[in-house]
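Engineer: Assemble the complex: chain A is given as a structure, and chain B must be docked to it using the hints.
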Amino acid sequence: DGGITQSPKYLFRKEGQNVTLSCEQNLNHDAMYWYRQDPGQGLRLIYYSQIVNDFQKGDIAEGYSVSREKKESFPLTVTSAQKNPTAFYLCASNPGGAGTDTQYFGPGTRLTVL
Amino acid sequence: AQRVTQPEKLLSVFKGAPVELKCNYSYSGSPELFWYVQYSRQRLQLLLRHISRESIKGFTADLNKGETSFHLKKPFAQEEDSAMYYCATRGGNEKLTFGTGTRLTIIP
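Taken in sequence, the protein lines are chains A and B.
Basically our numbering = 1-based index in the first sequence + 253.
Just so we're aligned: 54 in our numbering is position 66 of the second sequence, and the numbers increase by one with no gaps anywhere.
Extracted from the complex, chain A is given alone in its bound form (with noise of 0.2 angstroms):
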């Protein structure tokens, strides 16, 4: 089951500390996003790329980076300054452009600050 892959599956994070999720996939798709799924509040989009060394922020990006340096990778960061980080992250991609119609999901990182 390749595609898109993350990892790791749980994490734990000390207050104050950075911590980096990874996102890789292996579909050749130019964009990439990173969600945050919290109970009752649906999916909210965090950082997106279309395209490699390039990102543009979603609706809740404060306290988030991303880099795209790599077409098929597309890490997360986590920083202290995100004041409630306890949260199911999704990582999810599409061909892009005119082959945007569906996105594909990863399985998740579900990360919980002690």
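Hints are computed from structural coordinates only; laboratory data are not their basis.
Cβ atoms here follow ideal geometry from the backbone N, Cα and C, with glycine treated the same way.
List time: in silico BS3-like cross-link candidates among lysine-lysine, alpha-carbon distance up to 25 angstroms:
no.: 1; chain 1: A; residue 1: Lys324; chain 2: B; residue 2: Lys83
no.: 2; chain 1: A; residue 1: Lys336; chain 2: A; residue 2: Lys310
no.: 3; chain 1: A; residue 1: Lys323; chain 2: B; residue 2: Lys83
no.: 4; chain 1: B; residue 1: Lys83; chain 2: A; residue 2: Lys310
Some chain A residues well away from chain B (every beta-carbon gap over 10 angstroms; in silico):
no.: 5; residue: Leu264
no.: 6; residue: Lys267
no.: 7; residue: Asn281
no.: 8; residue: Asn306
no.: 9; residue: Phe308
no.: 10; residue: Ile313
no.: 11; residue: Ser320
no.: 12; residue: Glu322
no.: 13; residue: Ser326
no.: 14; residue: Ser333
no.: 15; residue: Lys336
no.: 16; residue: Arg363
Coverage of chain B stretches by chain A, computed from C-beta distances (three or more under 8 angstroms per stretch; other residues unrestricted):
no.: 17; stretch: 27 to 33
no.: 18; stretch: 86 to 94
Structural biologist: Positioned in the frame of chain A, the structure of chain B alone reads:
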């Protein structure tokens, strides 16, 4: 700005009964609408899209521009339909905007 409203957080339906999950959207242009589903211990995945006018796993959804709705329907619920369902819309910037989701439980 795009907005998607799913008014029901939880919905319980008896097996064999009809199912309707509500979704309303706000978007000034011509929206593209989708339903995504997340079964227990599985990834979020696309269920259907309005542009295809398809039926997947017995589910259909019709875009009603007058009521700005895209409700998901199935005439006879099955136990395997229990899942979290998200309605989503995509505007001109190619970003998806998701609703808050509805957890559907099918009662045996």
